[in-house]
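Residue numbers (the numbering used here), protein chains in the order written: chain F, 949 to 1344; chain W, 949 to 1344; chain Z, 949 to 1344.
Don't read these hints as lab results, they were simulated from the structure. Accuracy of the hints is not assured; some may be wrong.
The list treats identical chains as one, so a pair stands whether inside a single copy or across any two.
Unchecked claim - Restricting the straight-line Cα-Cα distance to at most 27 Å, the calculated cross-link-like pairs of lysine-lysine (DSS-like) are:
hint, residue 1, residue 2
1, Lys1245, Lys1235
2, Lys1299, Lys1079
3, Lys1337, Lys954
4, Lys1235, Lys1288
5, Lys1134, Lys1299
6, Lys969, Lys1340
7, Lys1003, Lys1333
8, Lys1003, Lys1340
9, Lys1268, Lys1134
10, Lys1079, Lys1295
11, Lys1339, Lys1003
12, Lys1192, Lys1134
13, Lys1299, Lys1288
14, Lys977, Lys1306
15, Lys1003, Lys1337
16, Lys977, Lys1192
17, Lys954, Lys1079
One letter stands for each residue in the lines below.
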Amino acid sequence: MTDFQKQIENLTRQNNELFSKDFLLTWEKNKKDLNYILELAQLLKDFRDNNISTKMFDSGLAVSIFRDQSTRTRFSFASAANLLGLEVQDMDESKSQIAHGETVRETANMISFLTDVIGIRDDIFLGEGNKYMREVGEALDDGFQQEVLPQRPGIVNLQCDMDHPTQSLADLLHLKNHFGSLENLKGKKIAMTWAYSPSYGKPLSVPQGIISLMTRFGMDVSLAYPEGYNLIPELEQQAASFAKQNNTKFEINNSMDEAFQDADIVYPKSWAPFSVMQQRTLLLQNKDAEGLKALEKSCLVQNANFTNWECDEEKMKLTKNGEALYMHCLPADITDVSCKQGEVSEKVFEKYRIDTYKEAGYKPYIIAAMMMSNRFDDPGETLGKLFEKDKKRVFL
Amino acid sequence: MTDFQKQIENLTRQNNELFSKDFLLTWEKNKKDLNYILELAQLLKDFRDNNISTKMFDSGLAVSIFRDQSTRTRFSFASAANLLGLEVQDMDESKSQIAHGETVRETANMISFLTDVIGIRDDIFLGEGNKYMREVGEALDDGFQQEVLPQRPGIVNLQCDMDHPTQSLADLLHLKNHFGSLENLKGKKIAMTWAYSPSYGKPLSVPQGIISLMTRFGMDVSLAYPEGYNLIPELEQQAASFAKQNNTKFEINNSMDEAFQDADIVYPKSWAPFSVMQQRTLLLQNKDAEGLKALEKSCLVQNANFTNWECDEEKMKLTKNGEALYMHCLPADITDVSCKQGEVSEKVFEKYRIDTYKEAGYKPYIIAAMMMSNRFDDPGETLGKLFEKDKKRVFL
Amino acid sequence: MTDFQKQIENLTRQNNELFSKDFLLTWEKNKKDLNYILELAQLLKDFRDNNISTKMFDSGLAVSIFRDQSTRTRFSFASAANLLGLEVQDMDESKSQIAHGETVRETANMISFLTDVIGIRDDIFLGEGNKYMREVGEALDDGFQQEVLPQRPGIVNLQCDMDHPTQSLADLLHLKNHFGSLENLKGKKIAMTWAYSPSYGKPLSVPQGIISLMTRFGMDVSLAYPEGYNLIPELEQQAASFAKQNNTKFEINNSMDEAFQDADIVYPKSWAPFSVMQQRTLLLQNKDAEGLKALEKSCLVQNANFTNWECDEEKMKLTKNGEALYMHCLPADITDVSCKQGEVSEKVFEKYRIDTYKEAGYKPYIIAAMMMSNRFDDPGETLGKLFEKDKKRVFL
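Produce the complete structure using the sequences and hints provided.
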């Protein structure tokens, strides 16, 4: 257990620059801060695995706002909140449209009187999701400064139109543990590629999150998609400049094969082209049901040209020793399993199925680390005290 | 902190007459009891603000029954329950009609085996909401006496057709703190007035709650509405007799200007006339969709005659030094913000926005005080022990 | 309180064979194990009634999956989880069809990273409900063995197509307490009979659960229904062989009167014939709305031949001294109360109403006992420590 205490001390020596700051985009955070999240998440997991309670709130709410359906992230958020002692209260916005201005300002305060954390998922409207989170944040700043709120709840981005930080950091922690250390990731090639799916309109936040994060953590990123299936242009450019700053490589090409060539890691996943997401956002805002149907139809026809963008055994043979680590944020569209023709073949998925489950298993701890680093000035010190206290999670 | 202990001791010296009694209408309670709620609510808030845990239940449910949509009250109830250590379990009645008799008797017991508190909102049907709460109460009495239930859960009225006690007492606590003391409220004039709204069918419970409560706490109440927009007649008469008993004034007139004249506090808010609510109740009970549409249409036409019942800067100039405190239970219909023409102008609302947020912020503590005074024989003693124990809400 | 300690010691002396095993069917468990559940449930109730906290989880989720509407069981599950310290997180499957294979395997893991217990209700499709629970169980085994999950959540069957173990064991605990001991149940006659209801399609799990359990606990079971209204044939045969093994009687006849003759306990309750449930399952799976309507119509016509299968005072006179204990899982269809013509007359129901409420009141504790025996190797030892600790549930 002295190893345990060493990790806690190691955390205590670092400054928690995340205190009282919302977690909205990984690229707004220093690498040091992101590393802090990884270490804190791992520690919280180690506490849990060793049956030591990390209940640090005796009461308090964790509010979740889901503007899109979700099972996995909902459970991850609930698990994280519960792990720290917060109770989830869901804010059901199902009936309301994107609300702005007065409504957001007021509602943000009304749900926050005894709230420590707010988790928001808003990934449907391009240009809206992240903006909405910032609006909520400003409303909370206002409420806290004017003494409406006794605390300023921290905001955790549970997926927006730009980034999916709880996913990409869970992915990074998975890679760190899989390859042994962050150091070991240096020079590794990751292929973030589009893949065929029989559905359309999947958000861009995962590939955008991956290219933005992995270029900063020593990896060479190869982004591949069929012509016209690009991500938000500014974020592609940003990834390129991250690569430059961090002496890694970032390339975009239109061939899955090229991207897979000698890759250490592959992340094949479907998404809708940026231009489609733009049109879709407009149609959704105008509640143009006909237009949406027509767009969906034309997109599915377009997608059907690229059914060969499937991660199968042939493609995997192209990767480093034919043994690249396959990643997915789940659920994957698996050929002959969840659909007739999908993102990945059954054989490839089955080989890496447990790996993808483990990948997902980091998310509750990443979210808990974001919550804790936001609300605690010195998480290391608090964990040290909890370690001393040694209250059992399960009282045996 | 000795001030803290003084307040606790002060509470301990008073008898808790609210123990084991449902909180359904403020006018069923003595002024002493209402004052007790205010002091207890304030203490719970002070504990929270000083990071001292008020978790007094180690387990137990707080059941909420919402027969009308709600965000604010839902969060207030959840916050209050969580503050004391109870877990909210929602009883979803969305699909059921107003149920009476056997169903209520049985269901009330079935949801209460391990339940300490039940919060009920039922404000749609005139003559039904409060009646329903009493039916639930009788069923719980029966279940407790016959040893079906190991405890008799306390009922908190979260808004009914007659009263909205958690709102009116939060309003009173806001006024107490704003003006410095209950003593200072003596002789203050409060204008509870109708205001124009582009919607219809808003419940009567807020104005009824305000005129019933403020006449008893030293304030002169001026109730104003367009002809025909009266409240439940018996409750208007009751307010008049409360004024008599308490040496305050109660007047009804049909002019917003008159009501605002020299007022210290204004509370302009839309509601549907009593006679409309009667018709609407019948139509809802008969599920007469056509009739409801026709009623809505005619009411909106009728309302449109009174768009000048708006709280704007002109009207505010009529008040005491042009500086009356503006109150609202939120959300307000704000002209040019949430609607084209509403209850209050943007300028007036913006000036008092933060005040209305603070007003709302008392509600979780009022609800928690109602819960605690119902379940604890001597809340002062319990708070004293919690103060000694000094467990931190957030473990730093 | 020494009596208390004796019961705890008594429990400690027994082996907990239920540790780490799902609770899916009573007939998969030894009588000793079922008795263990009864004793543990009673102890948890005694702790609660004596204001001693049984919070043994400091954090952790209890996931509920309801594939059918439910109020009672939902509250029982929530109460049980809360009593032990787990937070309920509902998995909303309302929009998904019966999912199998990959989806179940993945979802079961995704909701279980920090989950200790999963409660499942799936009673609509014959041949599917229990199968689904086993599929979830296998997925969890896989996830636990492959180190995806830090614990293997225990599964509690909250009602399936075959059995309703939380109901039948709550019923048995009710009988044990009503008659003084399990010993006293020996030789008692219980009439499990069909009864008329104006609805159709009620599941078979309650009568199947009762005949399977009571034949093993010393009771003579008389199962009665109109011709053609049989249960799953294999389960009727199983009850007969249980009777043989346990020296009790099991008979099937087509007369309510015969079944009631000299009965000590009567359990009259409506259900749909096995053959109808088979047809209904097919139609539901094929989403054949027309077919379902036609089936319902023909069944209601068929049922109408048996409106005299009502438990009224006349029928009750046939029972032992006219004083048999009436049981029901609630809600009952009460003639002239909840319907025009139903399972039981108002007079009979009213006489036994409180008994049926008490019967229902055991369910939260039975569920809690199932949770605890699954997650704790030696519940007696843990309860002993909790008794020593003597933390109050309500901090007075």
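Report task. If the cutoff is 27 Å on CA atoms, where do lysine 1192 and lysine 1134 land: within, between, both or neither? Let me know, please. Result -> Within one copy only: 14 Å inside a chain, 71 Å across chains, cut-off 27 Å.
Query raised in the report: Are the CA atoms of lysine 1245 and lysine 1235 at most 27 Å apart within a copy, between copies, both, or neither?
Result: both (17 Å within a copy, 26 Å between copies)
Report task. Give the relationship of lysine 1299 and lysine 1079 under a CA distance limit of 27 Å: within one copy only, between copies only, both, or neither. Result -> Answer is between: at 26 Å across copies they meet the 27 Å cutoff, but 39 Å inside does not.
Requested in this report: Give the relationship of lysine 1339 and lysine 1003 under a CA distance limit of 27 Å: within one copy only, between copies only, both, or neither.
Outcome: Both. Shortest intra-copy (9 Å) and inter-copy (13 Å) distances satisfy the 27 Å Cα cut-off.
Requested in this report: With 27 Å as the alpha-carbon cut-off, assign the pair lysine 1235 and lysine 1288 to within, between, both or neither.
Outcome: between (31 Å within a copy, 22 Å between copies)
Requested in this report: Go through the copies and call it for lysine 969 and lysine 1340: within, between, both or neither, with a Cα cutoff of 27 Å.
Outcome: between (31 Å within a copy, 23 Å between copies)
Report task. Tell me, please, which holds for lysine 1268 and lysine 1134 at an alpha-carbon limit of 27 Å: within, between, both or neither? Result -> within (15 Å within a copy, 71 Å between copies)
Requested in this report: Tell me, please, which holds for lysine 954 and lysine 1079 at an alpha-carbon limit of 27 Å: within, between, both or neither?
Outcome: Cα proximity of lysine 954 and lysine 1079: none, with 40 Å in one copy and 47 Å across.
Query raised in the report: Using 27 Å as the alpha-carbon threshold, which applies to lysine 1337 and lysine 954: within, between, both, or neither?
Result: within (17 Å within a copy, 32 Å between copies)
Query raised in the report: Is it within, between, both or neither when you check lysine 1079 against lysine 1295 at 27 Å Cα-Cα?
Result: Only across copies: lysine 1079 and lysine 1295 sit 26 Å apart there, 41 Å inside one copy, limit 27 Å.
Report task. Using 27 Å as the alpha carbon limit, work out where lysine 1134 and lysine 1299 are close: within a copy, between copies, both or neither. Result -> within (25 Å within a copy, 56 Å between copies)
**Report entry** Status of lysine 1306 relative to lysine 977 across identical chains (alpha carbons, at most 27 Å)
**Finding:** The answer is within: 25 Å in one copy meets 27 Å, while 34 Å across copies does not.
Taken one by one, the earlier hints fail for this structure only at number 17.
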